[in-house]
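Build out the structure end to end from the sequences listed, making use of the hints.
Quick mapping for you: the protein sequence lines, in order, are chains G and X. So for the first sequence, numbering that gives the first Met the number 0 puts the first residue at 0; every next one is plus one. So for the second sequence, numbering that gives the first Met the number 0 puts the first residue at 0; every next one is plus one.
No wet-lab data here; the hints were simulated from the structure. Heads up, some of the hints might be wrong.
As the list claims (entries may be wrong) - Within a straight-line C-alpha distance of at most 30 angstroms, the following computed BS3-like cross-link-like pairs (lysine-lysine) qualify: (1) G:437 <-> X:437; (2) G:529 <-> X:437; (3) G:240 <-> G:391; (4) X:355 <-> G:240; (5) G:391 <-> X:529; (6) G:302 <-> X:333; (7) X:415 <-> X:391; (8) X:355 <-> G:302; (9) G:544 <-> G:559; (10) G:198 <-> G:171; (11) X:348 <-> X:333; (12) X:348 <-> G:302; (13) G:213 <-> G:133; (14) G:333 <-> X:240; (15) X:240 <-> X:171; (16) X:240 <-> X:115; (17) G:333 <-> X:198.
Given the structure is predicted, the values throughout are model-derived calculations rather than measurements.
There are 2 protein chains.
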Amino acid sequence: MDSRTIGILGGGQLGRMLVEAASRLNIDTLILDAENAPAKQIRASTLHVNGSFSDASAVRELASRVDVLTVEIEHVNADVLIELQKEKPELEIHPAPDTIKLIQDKYMQKMHLIGKGIAAPESVSVENTEESLKAIGSKFGYPYMLKSRTQAYDGRGNYVVSSVVDISSALKALSSRPLYAEKWAQFRKELAVMVVRQKDGSTLSYPAVETIQKNNICHLVYAPARIPDSVQTRARYLAEKAVATFAGAGIFGVEMFLLEDGEILLNEIAPRPHNSGHYTIDACPTSQFEAHIRAILGLPIAKNGLALSTPTTNAIMLNVLGADHPNGELEICKRSLITRGATLHLYGKITRPGRKMGHINIVAGSMYECETRLAQIQGADEAVSSEIEDEKPLVGIIMGSDSDLPVMAVGARILKQFGVPFEVTIVSAHRTPFRMTKYATEAATRGIRTIIAGAGGAAHLPGMVAAMTTLPVIGVPVKGSSLDGVDSLHSIVQMPRGIPVATVAINNATNAALLAIRNLAAFMPEYQLKLEQYYISIEDEVLGKAAILEKIGYEEYLSK
Amino acid sequence: MDSRTIGILGGGQLGRMLVEAASRLNIDTLILDAENAPAKQIRASTLHVNGSFSDASAVRELASRVDVLTVEIEHVNADVLIELQKEKPELEIHPAPDTIKLIQDKYMQKMHLIGKGIAAPESVSVENTEESLKAIGSKFGYPYMLKSRTQAYDGRGNYVVSSVVDISSALKALSSRPLYAEKWAQFRKELAVMVVRQKDGSTLSYPAVETIQKNNICHLVYAPARIPDSVQTRARYLAEKAVATFAGAGIFGVEMFLLEDGEILLNEIAPRPHNSGHYTIDACPTSQFEAHIRAILGLPIAKNGLALSTPTTNAIMLNVLGADHPNGELEICKRSLITRGATLHLYGKITRPGRKMGHINIVAGSMYECETRLAQIQGADEAVSSEIEDEKPLVGIIMGSDSDLPVMAVGARILKQFGVPFEVTIVSAHRTPFRMTKYATEAATRGIRTIIAGAGGAAHLPGMVAAMTTLPVIGVPVKGSSLDGVDSLHSIVQMPRGIPVATVAINNATNAALLAIRNLAAFMPEYQLKLEQYYISIEDEVLGKAAILEKIGYEEYLSK
Chain G
0 MDSRTIGILG
10 GGQLGRMLVE
20 AASRLNIDTL
30 ILDAENAPAK
40 QIRASTLHVN
50 GSFSDASAVR
60 ELASRVDVLT
70 VEIEHVNADV
80 LIELQKEKPE
90 LEIHPAPDTI
100 KLIQDKYMQK
110 MHLIGKGIAA
120 PESVSVENTE
130 ESLKAIGSKF
140 GYPYMLKSRT
150 QAYDGRGNYV
160 VSSVVDISSA
170 LKALSSRPLY
180 AEKWAQFRKE
190 LAVMVVRQKD
200 GSTLSYPAVE
210 TIQKNNICHL
220 VYAPARIPDS
230 VQTRARYLAE
240 KAVATFAGAG
250 IFGVEMFLLE
260 DGEILLNEIA
270 PRPHNSGHYT
280 IDACPTSQFE
290 AHIRAILGLP
300 IAKNGLALST
310 PTTNAIMLNV
320 LGADHPNGEL
330 EICKRSLITR
340 GATLHLYGKI
350 TRPGRKMGHI
360 NIVAGSMYEC
370 ETRLAQIQGA
380 DEAVSSEIED
390 EKPLVGIIMG
400 SDSDLPVMAV
410 GARILKQFGV
420 PFEVTIVSAH
430 RTPFRMTKYA
440 TEAATRGIRT
450 IIAGAGGAAH
460 LPGMVAAMTT
470 LPVIGVPVKG
480 SSLDGVDSLH
490 SIVQMPRGIP
500 VATVAINNAT
510 NAALLAIRNL
520 AAFMPEYQLK
530 LEQYYISIED
540 EVLGKAAILE
550 KIGYEEYLSK
Chain X
0 MDSRTIGILG
10 GGQLGRMLVE
20 AASRLNIDTL
30 ILDAENAPAK
40 QIRASTLHVN
50 GSFSDASAVR
60 ELASRVDVLT
70 VEIEHVNADV
80 LIELQKEKPE
90 LEIHPAPDTI
100 KLIQDKYMQK
110 MHLIGKGIAA
120 PESVSVENTE
130 ESLKAIGSKF
140 GYPYMLKSRT
150 QAYDGRGNYV
160 VSSVVDISSA
170 LKALSSRPLY
180 AEKWAQFRKE
190 LAVMVVRQKD
200 GSTLSYPAVE
210 TIQKNNICHL
220 VYAPARIPDS
230 VQTRARYLAE
240 KAVATFAGAG
250 IFGVEMFLLE
260 DGEILLNEIA
270 PRPHNSGHYT
280 IDACPTSQFE
290 AHIRAILGLP
300 IAKNGLALST
310 PTTNAIMLNV
320 LGADHPNGEL
330 EICKRSLITR
340 GATLHLYGKI
350 TRPGRKMGHI
360 NIVAGSMYEC
370 ETRLAQIQGA
380 DEAVSSEIED
390 EKPLVGIIMG
400 SDSDLPVMAV
410 GARILKQFGV
420 PFEVTIVSAH
430 RTPFRMTKYA
440 TEAATRGIRT
450 IIAGAGGAAH
460 LPGMVAAMTT
470 LPVIGVPVKG
480 SSLDGVDSLH
490 SIVQMPRGIP
500 VATVAINNAT
510 NAALLAIRNL
520 AAFMPEYQLK
530 LEQYYISIED
540 EVLGKAAILE
550 KIGYEEYLSK
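Here it is as structure tokens:
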């Protein structure tokens with residue numbers, strides 16, 4: 000798709016996956032790294048450069064052979080890139096050398112972001128003395144984070160200062176480095192967003208994901224993050240805003256903290272593909288690696304092209320780290336081969352304890368299925384995380400008045416019992432018609448799949464909502480003080496041709512909820528399974544009663 | 000995942016994609032083909048062999064450097080493989096050299112299959128004389144197929160003999176080759192199934208797909224094929240049965256004809272990855288290339304691991320052929336970059352008219368979306384194929400008696416109008432209780448997403464079906480000869496807690512159908528769109544009437 004050659008500083012797994020994406024587009028790549036580095040293995044060329052990306056002459060040698068330079072790691076010799084940019088304006092370097100230089104120093108990076116109005120943990124530079132660290136303890140309180148400004152990754156170079164007694168060991172651990180301190184962010188989740196900055200400065204983002212660290216190394220990534228839509232939107236906005244402040248094109252990994260109170264703080268930015276974006280290879284039409292290649296060459300990206308492949312696509316990425324005994328990590332890899340929906344990506348590296356050897360992407364129609372498959376791959380050692388808090392609602396329960404709540408709550412309890420994410424609120428057709436309009440017209444785009452509407456008397460709510468949405472609407476006639484609820488029943492069920500309301504029996508919110516679950520189950524297998532279990536249990540209940548009736552006889556049964 | 004090195008005879012695009020899959024599993028590959036062949040480009044090695052896969056010494060050289068030998072093309076020197084197998088029993092060769100040899104001769108291949116009881120077009124060997132060809136015309140009738148027994152691919156070596164006057168030109172075109180003739184198969188569709196034969200002789204298959212040829216070259220592949228489930232099952236069964244008759248492990252591409260009368264005939268078999276399986280790279284968790292690598296190394300494949308990624312995954316593959324003017328095919332490639340859900344795979348080849356340069360996979364939640372995106376990629380030149388015949392039903396309409404049909408047919412017409420695949424039948428709760436049981440319990444596994452049940456009087460059908468399935472059931476009370484249908488309404492709507500029936504108004508099958516469409520639309524965006532258009536149209540209708548009423552006054556309006 001482009002006759003220019005891309006030079007990549009660094010040939011580890013990120014470089015390798017960049018090369019894979021480039022080759023699929025017939026784009027040539029040359030690598031600077033040690034001989035036989037992972038990226039070099041999958042691109043035959045006599046023009047790769049052997050050496051280090053921190054060695055100025057090696058960088059210059061690569062630069063002399065390519066049209067576009069980029070990086071798979073930020074710890075490159077940025078000074079020589081800045082010089083090269085001046086000497087050879089025709090050589091494109093992405094992201095801009097100044098951006099790489101700025102991001103390399105995590106304290107300068109943070110100052111830059113805070114200066115641009117990006118929410119981030121409060122940070123101060125420190126002198127490497129006990130007095131300086133004590134003063135920070137007094138300012139920030141404990142714990143606080145002591146961090147190396149440079150050459151830090153995968154948690155190396157970070158130290159949690161829990162109390163004043165930690166200070167001397169913290170200094171001992173990090174004393175050889177330039178340091179800064181960060182106020183402690185008490186986070187609920189760690190989020191990450193991959194952002195593409197295009198040559199014209201515009202930004203596009205992948206969905207916000209949730210990262211789970213283990214021993215300071217990325218362990219699992221849940222895509223999308225199990226957070227409300229509003230948080231998802233805010234996370235992407237913050238990430239795009241942050242990336243927009245840097246120069247040059249390419250993909251950026253933005254790590255964030257979601258605090259207990261819902262606030263989102265930017266943690267740090269990587270000016271390159273990122274571990275939290277590996278899921279995109281199997282879960283999105285365009286991977287983060289291809290997006291980077293396209294961005295630095297000025298090739299376009301489809302509208303919405305960074306979304307998950309389908310509305311029901313969910314993914315979990317599991318990192319494969321070198322085990323303590325040689326090739327012990329292959330056990331997990333072997334289990335991935337026999338797990339449906341799992342795809343194994345190995346990096347061509349020599350195994351070493353804790354080294355990133357590969358990753359496994361698990362893709363399925365729901366996070367529940369992904370988690371089940373993850374458990375299979377992990378074996379019995381690690382339990383399934385069954386956390387599904389904050390899932391966005393699939394069913395909306397609305398009612399005309401709080402007096403309907405005792406009836407409708409029964410349905411809500413059924414949804415809860417089945418683990419269906421739902422919401423409950425009051426919407427009155429006659430008293431809040433505009434609220435009703437907004438609710439009905441927005442429900443589908445918010446991800447609601449079925450609306451349950453309860454109403455009594457004239458009972459216009461279900462029918463009116465049905466008229467303003469294309470979602471299935473289930474009507475529950477609520478029994479009023481007169482006419483035994485037949486008025487509500489007729490008002491709800493006798494809809495004119497064209498606007499159906501799925502009407503259930505008077506006061507029977509249970510059936511409304513079960514019907515909503517059937518609607519979901521027709522497309523979401525996990526609910527199908529739960530429904531089958533439910534019907535087995537209600538059958539058992541009747542059979543139990545029958546057994547007792549047959550045993551004690553009907554007269555005694557009646558007398559109980 | 001395996002320390003053995005795989006040698007591949009042939010380094011075109013199929014070899015290249017095999018290499019890509021192997022590299023992701025840390026499996027080393029060596030290629031025999033011309034220097035810088037597509038597969039060699041993406042595997043750095045000084046041990047690749049330059050030369051031809053028909054040259055015995057080159058094949059022997061590759062064999063000396065690897066543990067396992069396989070092919071990306073069947074036109075290799077099979078004799079040397081047979082010798083090698085005898086000389087070096089420890090060298091694994093997949094598929095077995097005898098299999099490759101047998102399949103190379105298309106006439107012998109066909110005789111073998113027919114001998115094993117596989118349905119295939121009747122075939123006879125011919126002498127290259129006009130008399131012989133005339134005799135075949137008398138035997139088979141016209142048209143018939145004259146085919147080269149060897150070295151044929153992409154339609155080269157095939158000649159349609161339409162009548163006796165074609166015979167001399169047919170002979171002229173093919174006279175230098177050994178020939179055979181096939182009886183003409185008047186097919187409705189061409190199907191293909193990729194089958195994996197494992198080392199233990201067991202077979203696994205991907206879904207049956209539909210291939211569309213253009214100038215005898217594969218143009219489009221629809222996955223899954225737009226055929227009824229029963230045909231899908233028969234096609235896979237036939238393909239697996241055929242592949243089971245060959246020795247050795249690996250993937251086989253099985254091409255078939257679906258005849259007008261529903262019969263399926265085997266066309267031909269390729270003992271290697273196949274163009275009709277390229278969709279698996281983006282639409283299945285495990286691609287045909289990875290499946291081949293796993294099969295020849297004896298690595299396992301997940302149960303159901305060859306299925307499409309999710310129950311709603313649909314895919315279209317478009318081949319990118321070299322255009323008549325240099326790089327003209329890049330126009331289609333560029334449009335694919337801006338098309339959501341499209342993934343471009345280029346093969347690193349020099350462009351030449353008609354040459355397979357790459358392919359584009361389009362994946363979406365429905366075939367309708369795939370086709371829309373395909374049209375975008377193809378530009379205005381090619382119209383969208385809107386063929387959706389034979390789609391499996393999403394909605395089942397059932398009724399207790401044929402006397403309910405006039406009411407229920409109105410709903411069927413609505414489904415038809417919306418392009419929803421559906422089925423209509425009679426199921427009586429009281430007169431065919433076992434048929435009802437079968438219908439209700441099997442509906443979900445057949446792919447039905449919603450059942451519409453109409454009944455009058457005691458009207459037990461909707462409720463009984465709801466009790467025996469977890470699908471959403473919509474009940475239509477049909478007005479009987481007495482009680483104005485209120486008896487049916489109450490019988491259907493007043494279900495006990497636990498078993499909901501979505502009840503619509505008396506005789507209102509329209510609303511039942513629209514409700515079923517809403518259930519689908521909550522998960523299938525194409526119906527959402529159609530519903531929105533429908534509601535705009537009924538709004539327009541009312542507004543039109545209002546305009547007339549306001550213009551001519553209510554008295555005149557009434558008198559009309």
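Verification of the hints:
Pair hint residue 437 of chain G plus residue 437 of chain X does not hold up; C-alpha atoms about 43 angstroms apart against a cutoff of 30 angstroms. Taking the CA atoms of residue 529 of chain G and residue 437 of chain X, the gap is near 21 angstroms; set against the 30 angstroms cutoff, the hint holds. A threshold of 30 angstroms between alpha carbons decides the hint, and for residue 240 of chain G with residue 391 of chain G the separation of about 25 angstroms falls inside it, so the pair holds. Of the supplied pair hints, the one linking residue 355 of chain X and residue 240 of chain G is violated, its CA atoms being roughly 43 angstroms apart against a limit of 30 angstroms.
Only pairs whose Cα atoms come within 30 angstroms are accepted, and residue 391 of chain G paired with residue 529 of chain X is accepted, the gap being roughly 26 angstroms. For the suggested pair residue 302 of chain G and residue 333 of chain X, the alpha carbons sit about 14 angstroms apart, so the restraint of at most 30 angstroms is met. Restraint check for residue 415 of chain X and residue 391 of chain X: satisfied, since their Cα atoms lie roughly 14 angstroms apart, inside the 30 angstroms limit. With a C-alpha separation of about 28 angstroms, the suggested pair residue 355 of chain X and residue 302 of chain G falls inside the 30 angstroms cut-off, and the hint holds.
Among the hinted pairs, residue 544 of chain G with residue 559 of chain G is consistent with the structure: their alpha-carbon atoms are about 12 angstroms apart, no more than 30 angstroms. Between the alpha carbons of residue 198 of chain G and residue 171 of chain G the distance comes to roughly 44 angstroms, so the proposed pair goes past 30 angstroms and is violated. About 17 angstroms separates the Cα atoms of residue 348 of chain X and residue 333 of chain X, which keeps this hinted pair within 30 angstroms; it holds. In summary, the hint linking residue 348 of chain X to residue 302 of chain G is supported, as the alpha carbons are separated by about 29 angstroms, within the 30 angstroms threshold.
About 29 angstroms separates the Cα atoms of residue 213 of chain G and residue 133 of chain G, which keeps this hinted pair within 30 angstroms; it holds. At most 30 angstroms may separate the alpha-carbon atoms for a hinted pair to count; residue 333 of chain G and residue 240 of chain X meet this at roughly 29 angstroms. A threshold of 30 angstroms between alpha carbons decides the hint, and for residue 240 of chain X with residue 171 of chain X the separation of about 37 angstroms lies outside it, so the pair is violated. A distance of roughly 9 angstroms separates the Cα atoms of residue 240 of chain X and residue 115 of chain X; the hinted pair therefore holds under the 30 angstroms criterion.
With a CA separation close to 18 angstroms, the supplied pair residue 333 of chain G and residue 198 of chain X stays within the 30 angstroms bound.
Consistency note: the structure conflicts with the earlier hints numbered 1, 4, 10 and 15.
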